[in-house]
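We have chain A; now place chain B onto it with these hints.
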Amino acid sequence: MKKKLFIGLSLLLNGVAYAQNRFPKPDFESGYEYPDITYPIPNESLWVTLDIILLVVLMGIVAWAALKKRTRKPIIWVSIISVAYFGFFRSGCICSIGSIQNISLALVDNSYILPVSVLLFFILPIVFAFLFGRVFCAGVCPFGALQELVNVKNYRLSKAVTTVLGMIPWIYLIFAILYAVTRSSFIICRFDPFIGIFRLGGDIGMIAFGTLLLIASIFIGRPFCRFICPYGALLSLFSRVSIWKVEITPKQCINCDLCHDACPVDAIKPPYENKVKESRQQGVKRVLIYFVVLPLMVIAGAFLTRSVSGELSRANKDVRLYDMVMEHEVNPQDVLSLELEAFYGQGSSIEELTEKQEAIQAEFKFYSTIAGALIGLVVGFALIGLSLKRTRKQYEIDHAACVACGRCFSYCPQNKIGIESGNISL
Amino acid sequence: MEKRDEHKKSPIARRKFLKALGTAVAGGSILAVSGGLIGRVKGAEADHYWQIDPAKCTQCGRCETHCVLPVSAVKCIHANKVCGYCDLCGGYYRTNARELNTAAENMMCPTGAIERKFVEDPYFEYTINEDLCNGCGKCVKGCGSFGNGSLYLQIKRDLCTDCNECKIATVCPADAITRVPLTWAYKLKD
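So the sequence lines, in the order shown, correspond to chains A and B. Read in the working numbering, the first sequence has 111 at position 111, and its numbers run on one by one without any break. Read in the working numbering, the second sequence has 127 at position 127, and its numbers run on one by one without any break.
With the rest of the complex left out, here is chain A:
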């Protein structure tokens, strides 16, 4: 068997080496002419321009509807357009969520080519989030739009569950950047649950996961946006401090609780009175504890992920190849895997591979330490968030979570009256 393989390999090698001149060029006597070969060139640039124009226009419409008009109808139309165009027609590459990886790779690697469209897809929703809140999530993102369109009922999850699940996007974001900057894998693209549905084909596991998410989003508002989407996590940083934002009208509010019930992302917080009176000294002590616990979490996280950086680096193809080659060198197998066949067939040297592998391992050690520190920070902030209990005198919007879907407008009995008589006062 081994001999056969060897012959096959050497034949193949010879084939590559002498491929150009094994048989002479025929000289035709019958006046035969070589057929013209035309290679299809991509007609992408036109579509990409349309993508970006549509992205801006749709986000503008949502911002106008949510902030100025305070109505949901245009947002539903935007959602339908987005699912049809960005989802089914363009089948979503590149999307803003995936662009995180290209951007972070471009930031650390100067040789990486970053197209204009990718930069715009990354930065425009962030700029809009900074100006008007998460209007991209509202209906321009086909993933959000799809979940919004199928959602009928909001079963509310408990605070503990929301907090724990709410950490996933951050950790996902951190790992996506870790694997992107080490050129290992684009995990956001690989584990995209909806792309298979939009393309009507693809990885069966991910399609099943996407279908489950869609079924869940009938009963729970936007599970992907809240508990998975790393770009949403990034946008929430900017929408938290956005310049203009969706507001509840405090003067007209009759405390009916309808908006709180309607909100699919649990962004409207009802009035709450914290009955525990805390003295100033106690408050200072609490803050001090935060300042001690948070660095501890950061250090623990950094230490933990650094210690498993070897395992994490196995996501890299070269590291996996190195492991395979090493195992083969120790106990040679009769049947070579395709990777080993290619490696030995190309005559690559083990030293070169070892060098490459060591460089990647070192990179992983460095970046996974940072990633671990950030994960510690995420967990620490989640815990602090759980321990804080602020008194609210009226309904308030959590602008980090609000996706400007406009559902609360249609539920608010005062909003309708206000718009008709034209005296909404913010």
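Since the hints were derived computationally from the structure, they do not count as laboratory data. These figures come from a predicted structure and were not determined experimentally. Hints may be right or wrong, so weigh each one.
[Claimed, not checked] When the alpha-carbon atoms are kept at most 35 Å apart in a straight line, the in silico DSBU-like pairs for lysine-lysine are as follows:
1) A:K389 / B:K19
2) B:K16 / A:K416
3) A:K153 / A:K365
4) A:K416 / B:K167
5) A:K365 / B:K167
6) A:K317 / B:K156
7) A:K275 / B:K81
8) A:K393 / B:K16
9) B:K117 / A:K393
10) B:K19 / A:K73
11) A:K356 / B:K156
12) B:K117 / B:K138
13) A:K285 / B:K19
14) A:K269 / B:K16
15) B:K56 / B:K19
16) B:K16 / A:K251
17) A:K251 / A:K73
18) B:K138 / A:K25
19) A:K269 / A:K251
20) A:K356 / B:K56
21) A:K356 / B:K16
22) A:K389 / A:K285
23) A:K251 / B:K19
24) A:K317 / A:K285
25) B:K16 / A:K69
26) B:K19 / A:K25
27) A:K269 / A:K153
28) A:K416 / A:K393
29) A:K159 / A:K317
30) A:K153 / A:K68
31) B:K81 / A:K25
32) B:K167 / A:K317
Below, chain B without anything else, positioned relative to chain A:
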């Protein structure tokens, strides 16, 4: 109560200050990131597309099975000017073919995508029917080991959906799939 809210040290003022600080930091970071990346961005002619490097390709067969499309965007391409127009074609007939005819057991191509036409004695012209080709690379392997290597696998630009991360590239054992400028595309074997 109203008065206390307006007090200098009231939490509202502090929170407002923190918000303003956050807004400034957020705006600043947007400007910094976009400013830092705008210099890196290349113009439209620098758009890059997934392509196979035929010199590296080992015809492992994963192009056929790992593309996200139902039928792979990878097709066999025939560079006629390299071809020897042989009668006994390594890409057309199987190596162990009993008889040289078009019976399925003698053909290399599992889908019958290679069509052959008599030109003049002893030359035959081979063309690929791309509607039938599934990118398995069997003929490429055959032509490479017994022939001029005029057949090669390439990603067809009109079929490829241009995934952010090419799924075949993640499993390619030879690292043959990379993004190249359009000016380089296809022209690797002519």
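Evaluation of the provided hints:
1. A:K389 / B:K19: Status holds; Cα separation ~19 Å.
2. B:K16 / A:K416: 30 Å, holds
3. A:K153 / A:K365: 45 Å, violated
4. A:K416 / B:K167: 50 Å, violated
5. A:K365 / B:K167: Given pair A:K365, B:K167 holds - Cα atoms ~26 Å apart, limit 35 Å.
6. A:K317 / B:K156: 25 Å, holds
7. A:K275 / B:K81: 86 Å, violated
8. A:K393 / B:K16: 17 Å, holds
9. B:K117 / A:K393: At roughly 85 Å apart (the allowed maximum being 35 Å), A:K393 and B:K117 break the hint.
10. B:K19 / A:K73: Given that 35 Å is the threshold and the Cα spacing comes to 31 Å, the pair holds.
11. A:K356 / B:K156: 31 Å, holds
12. B:K117 / B:K138: The hint holds at about 20 Å.
13. A:K285 / B:K19: 24 Å, holds
14. A:K269 / B:K16: 19 Å, holds
15. B:K56 / B:K19: 55 Å, violated
16. B:K16 / A:K251: Given pair B:K16, A:K251 holds - Cα atoms ~20 Å apart, limit 35 Å.
17. A:K251 / A:K73: Satisfied, since the Cα-Cα distance of roughly 24 Å is no more than 35 Å.
18. B:K138 / A:K25: 23 Å, holds
19. A:K269 / A:K251: 17 Å, holds
20. A:K356 / B:K56: 19 Å, holds
21. A:K356 / B:K16: 51 Å, violated
22. A:K389 / A:K285: Roughly 16 Å separates the two Cα atoms, so the pair holds.
23. A:K251 / B:K19: Distance ~23 Å between A:K251 and B:K19 Cα, so the pair holds.
24. A:K317 / A:K285: Violated, at roughly 49 Å.
25. B:K16 / A:K69: 26 Å, holds
26. B:K19 / A:K25: Distance ~75 Å between B:K19 and A:K25 Cα, so the pair is violated.
27. A:K269 / A:K153: 18 Å, holds
28. A:K416 / A:K393: 23 Å, holds
29. A:K159 / A:K317: Answer violated: A:K159 to A:K317 is near 40 Å, above 35 Å.
30. A:K153 / A:K68: 27 Å, holds
31. B:K81 / A:K25: Given pair B:K81, A:K25 holds - Cα atoms ~8 Å apart, limit 35 Å.
32. B:K167 / A:K317: Since the Cα atoms of B:K167 and A:K317 sit roughly 13 Å apart, the hinted pair holds (cutoff 35 Å).
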